[in-house]
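Number of protein chains: 2
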Amino acid sequence: MTTDQHDNLSLSSGALQLVLSAEQLIADKGIDGVSSREVARAAGHKNHSAVNYNFGSFDGLIEAIIDYRVRPINQQREVLLTALLEQQQQPTLYALVDLMARPLASELLRGNGESRYLSLIAQLLSRGHWRELFLRNRSRSSALIKISELMAAQLADTLPSEIYNERVRLLGSQIIYSIAEWDNLQHKGQLALDESSLEWRLQNLIEYAIGGLTANHNKRN
Amino acid sequence: MTTDQHDNLSLSSGALQLVLSAEQLIADKGIDGVSSREVARAAGHKNHSAVNYNFGSFDGLIEAIIDYRVRPINQQREVLLTALLEQQQQPTLYALVDLMARPLASELLRGNGESRYLSLIAQLLSRGHWRELFLRNRSRSSALIKISELMAAQLADTLPSEIYNERVRLLGSQIIYSIAEWDNLQHKGQLALDESSLEWRLQNLIEYAIGGLTANHNKRN
DNA sequence: GTCTTAATAAGTCAAGTGTCTTATTTGGAG
DNA sequence: CTCCAAATAAGACACTTGACTTATTAAGAC
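Residue numbers (the numbering used here), protein chains in the order written: chain S, 1 to 221; chain R, 1 to 221.
Hints are computed from structural coordinates only; laboratory data are not their basis.
Keep in mind that a hint or two might mislead.
Which copy is meant is left open, because identical chains are indistinguishable; a pair holds if it fits in one copy or across any two.
[Unchecked claim] With a straight-line cut-off of 30 Å between C-alpha atoms, the simulated DSSO-like cross-links for lysine-lysine are: (1) 219 to 188; (2) 46 to 188; (3) 188 to 29; (4) 46 to 146.
Construct the complete structure from the given sequences, taking the supplied hints into account.
In structure tokens:
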């Protein structure tokens, strides 16, 4: 996992710089607070139509960012899942939640924290148009599906399906928003994240999540 | 609690309409995707400077929204806490988390769901400038402080303080982002929220949160 | 009634924006 | 080297925005 995971991406170096600059700007100023021209400027262009030229539109740019980041994350999930299933056919809940969260958390350490992807996802998921664009563009990896199934196998019996589904939703939101918050705090200098501090935070998040997933459900009329 | 909780607010009816329209627009289009002029238009003004006239600036408008919504929420917390402490001096964790979440969740039912305040908070908390503006303007209610203390009394012993603090942060984020998500889904017609469906979701959220807060913490090297 | 002040409307201006179009430059393929 | 397509730059246009300024209207005190 030391090689660059962004190879086969059909992004010219110019387009790549736009993607990276856009990520930064959006994390800082909000997806609706950033203009195409601003992105082009930040990417070192005098050409104010660079975004339009490379991606057709601002939406196209966002889709490119998603595509650029989602692939390696899913890829990492596949690798980790395969390794895990070789060890134990019935992985623990801990291992499964770890598998969901870790590849996202890893983004925070990528290239001295220059990936602001988590902040972007959190913003995309928060509102109408962008949420739909994201859901349309993330390719659900087979790993994630398999993880869901393994998790359901351990929980679905003990909980009413309505409750189980809701808790899985809570889990998904919590993972993304929590890690996104770490990202934002880190980039405001209010949180120092290195491997070890990320590790205990991640561990704690997983423990919290498992506590939540497996909590007793008391039916109250 | 049937009387209007927005009395002593020093908002003229014109200003109030601006606040309400702004809330709606921001929930739909994002805080950075809405202009002062647009808010004025949506509030029925031909006067495109209405926001500037009433609040001085867009930031002033946001502060007015926060002020308008935070008061009754804190007020409700005070009332509920007082009632709770009359029943039992050492309230359960369940009651305490309930106390944190319920006044926020209630917003979703207010006036046929016309308060989009949760969506706003979630957006404000997500990014730089707005986060700071929010933190500057929410007046921390004495109830919330008391709730924190009561919670700490039950948990701080069993967990390392670093872990405890992090879990409280997780709790806070989860409450706000989850309820905000209900808000967004509700207003896209993807979630039907009445009192009873809100109730079981809230109950489940609390159960999840308590499971998380009290989860075992395993020190790993 | 007049007067005064708050509220609303409307005008203005420089700055920024998306999109489309038209140069100009650059880096290979032949 | 020539030539051509891709990349970059720059122009143009209609539109929106925030902030400030200047009418105009409404409403209450006296």
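What hint numbers does the structure not satisfy?
Hint 4 alone not satisfied by this model.
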